[in-house]
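Given the coordinates of chain A, assemble chain B onto it according to the supplied hints.
So the protein lines, in turn, are chains A and B. Okay, so the first sequence: first residue is 14 according to our numbering, each after it adds one. Okay, so the second sequence: first residue is 13 according to our numbering, each after it adds one.
The hints are simulated quantities; they were obtained by calculation from the structure and are not laboratory data. Remember, it's a predicted structure, so these values are computed and weren't measured experimentally. Here a beta-carbon is modelled for each residue, glycine too, at the ideal position from N, C-alpha and C. Any given hint could turn out to be false.
Here are a few chain B residues that sit away from chain A, every Cβ distance over 10 Å (derived from the structure) [said to hold, decoys possible]:
| # | residue |
| --- | --- |
| 1 | 55 |
| 2 | 57 |
| 3 | 78 |
| 4 | 83 |
| 5 | 85 |
| 6 | 90 |
| 7 | 94 |
| 8 | 99 |
| 9 | 101 |
| 10 | 147 |
| 11 | 151 |
| 12 | 201 |
| 13 | 203 |
| 14 | 210 |
FRET-style restraints, in silico, Cβ to Cβ [stated by the list, open to error]:
| # | chain 1 | residue 1 | chain 2 | residue 2 | range |
| --- | --- | --- | --- | --- | --- |
| 15 | A | 48 | B | 203 | 52 to 60 Å |
| 16 | A | 73 | B | 133 | 56 to 64 Å |
| 17 | B | 39 | A | 43 | 28 to 36 Å |
| 18 | B | 112 | A | 63 | 49 to 57 Å |
| 19 | B | 202 | A | 178 | 33 to 41 Å |
| 20 | A | 20 | B | 170 | 56 to 64 Å |
Some, not all, of what chain B presents toward chain A, calculated at C-beta under 7 Å [what the hints assert, rightly or not]:
| # | residue |
| --- | --- |
| 21 | 15 |
| 22 | 26 |
| 23 | 30 |
| 24 | 103 |
| 25 | 104 |
| 26 | 107 |
| 27 | 111 |
| 28 | 114 |
| 29 | 115 |
| 30 | 118 |
| 31 | 119 |
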Amino acid sequence: MLLRTLFHLAALLALPPLVVGLVNRTKAVVAGRKGPPLLQAYFDLAKLLRKGAVYSRTTSWVFRAGPVVGLAAIASAGLLLAMGGAPALVSFGGDFVLFAYLLGLARFVTALAALDTGSPFEGMGAAREVTFASLAEPALFLCLLVLARATGTLSLSGMLGPALPGAWGEAAPALVLAAIGLFVVALAENSRIPVDDPNTHLELTMIHEVMVLDHGGPDLAFILYGASLKLFLFGAILSRLVLGHAGGGLASEALFFLGILLFAVGVGLVESVMARFRMVRVPQLLVGASVISAFALVLLLR
Amino acid sequence: MASLVFILVVVIDLFLLASSRLGAAIRTVAIQGALLGTLPILLLEERHSLGHALVLAVGALAIKGFLIPWLMFRAIREAAIRREMEPIVGFVPSMVLGGIGIALAFAFSARLPLPNGLSHAYLVPTALSTVWAGLLLVVSRRKAVNQVLGFLVLENGVYVFGLLIADFMPIMVEAGVLLDLFAAVFVMGIVMFHINREFSSLDTEKLSALKD
Numbered sequence: 014m015l016l017r018t019l020f021h022l023a024a025l026l027a028l029p030p031l032v033v034g035l036v037n038r039t040k041a042v043v044a045g046r047k048g049p050p051l052l053q054a055y056f057d058l059a060k061l062l063r064k065g066a067v068y069s070r071t072t073s074w075v076f077r078a079g080p081v082v083g084l085a086a087i088a089s090a091g092l093l094l095a096m097g098g099a100p101a102l103v104s105f106g107g108d109f110v111l112f113a114y115l116l117g118l119a120r121f122v123t124a125l126a127a128l129d130t131g132s133p134f135e136g137m138g139a140a141r142e143v144t145f146a147s148l149a150e151p152a153l154f155l156c157l158l159v160l161a162r163a164t165g166t167l168s169l170s171g172m173l174g175p176a177l178p179g180a181w182g183e184a185a186p187a188l189v190l191a192a193i194g195l196f197v198v199a200l201a202e203n204s205r206i207p208v209d210d211p212n213t214h215l216e217l218t219m220i221h222e223v224m225v226l227d228h229g230g231p232d233l234a235f236i237l238y239g240a241s242l243k244l245f246l247f248g249a250i251l252s253r254l255v256l257g258h259a260g261g262g263l264a265s266e267a268l269f270f271l272g273i274l275l276f277a278v279g280v281g282l283v284e285s286v287m288a289r290f291r292m293v294r295v296p297q298l299l300v301g302a303s304v305i306s307a308f309a310l311v312l313l314l315r
Numbered sequence: 013m014a015s016l017v018f019i020l021v022v023v024i025d026l027f028l029l030a031s032s033r034l035g036a037a038i039r040t041v042a043i044q045g046a047l048l049g050t051l052p053i054l055l056l057e058e059r060h061s062l063g064h065a066l067v068l069a070v071g072a073l074a075i076k077g078f079l080i081p082w083l084m085f086r087a088i089r090e091a092a093i094r095r096e097m098e099p100i101v102g103f104v105p106s107m108v109l110g111g112i113g114i115a116l117a118f119a120f121s122a123r124l125p126l127p128n129g130l131s132h133a134y135l136v137p138t139a140l141s142t143v144w145a146g147l148l149l150v151v152s153r154r155k156a157v158n159q160v161l162g163f164l165v166l167e168n169g170v171y172v173f174g175l176l177i178a179d180f181m182p183i184m185v186e187a188g189v190l191l192d193l194f195a196a197v198f199v200m201g202i203v204m205f206h207i208n209r210e211f212s213s214l215d216t217e218k219l220s221a222l223k224d
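So that you can see chain A by itself, here it is in the shape it has in the complex:
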């Protein structure tokens, strides 16, 4: 049991940059390119960690705290999430609220650090990020409520745990809708293509990238690692939700990591076949995800 917990902890800390690599590799293959190596994200992190950081004189401790607190918040959210076939390290009734707001805290400190630079451009990025996040949050909560209602438990481990196969038998349509809603939220929260382009450096269209322009060196490494960790967390939720909980043996471990792989490929495919939406269309997508999840909840409540 202890060994398994350690294994999950190691996977949580080590795998996220690989997921980013998988997404990029999928995009490259679909576009007919060779693409960067799978481990490129690790090389980037290692490079950034070796560098020093330059801080503007107008910034205060808020700017320096941003990346550290953000990464810590996302990593703690990871502890609440059940991986493989085992329950989560920390689990209690209602911990999905803490999960959502730890991700919210990470976003808050990043936006605060962006505002602290005093650059109007970063302020604009922060405004965009929190606007879209405020629309994604209802969708996330509605999806989690659907899960709570379908499985009859209030902790993330319970929602994605042994009660899930039974819930799939009874309320498959609602769970499919919730999975679609969660996927849209995952794309929006991780600034993926229909919402934001992680590769763009065109000033007027960037959302997430704008906020981190002034960070460099280890700070930027923390931010990039935190972003990949967040992507991994959403992949983990979706993997458990869709592929279920196969008993809890080695099979469920394999199924879990297969699910993460499929999630990465899915995100890559979406990024390859879709163009990003115009800024005014993004709220429409997120409200649509909320309406679909609300519909799933109504299906369960009737």
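Structure of chain B alone, referenced to chain A:
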């Protein structure tokens, strides 16, 4: 299986309320029509006759899935329009309104008194929410093409409701309804052509400026 089709029909309603591209909307209405075509077969029970269900399914699939979308595509090609620019009710509000209507339909449909036993729990709420979405589309869009699409969605809802009483409905009535729908779309196609020729746009607002 049938419940999945019902859910898809409702999700398509939501998508239509949110989409501004006419081509995508027409294709989606066609998919909705084709999905509805499978319903008589999926809901088939012992006491129904297979022939009746097959005729219903094939008729709906041919007319709703292929013939009408083809007419609509012709209409937008000749009028050379691609998207709804300024709906009277915006896309997000109309999607939220649609969501509220769907939630109410699913919450309260179980209390409705119905003539015979329900063949499927989702049948009535799907019918009501599709009718509601169609109504919203008809009243909240400016372009004639979208209003015709709204009418089609409305009729799709009525068709789902009709499945409830398929036992009592003679086949001639079904055929008459489908023929009516076809004639209506045909006439609306001609009307659209004339609106387009008169004003060189398909905006129905301009009709209110007509004078002798």
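Checklist entry - Which hints from the list above does the structure break, by number from lowest to highest? => result Checked against the structure, the hints that fail are numbers 17 and 19, while the rest are satisfied.
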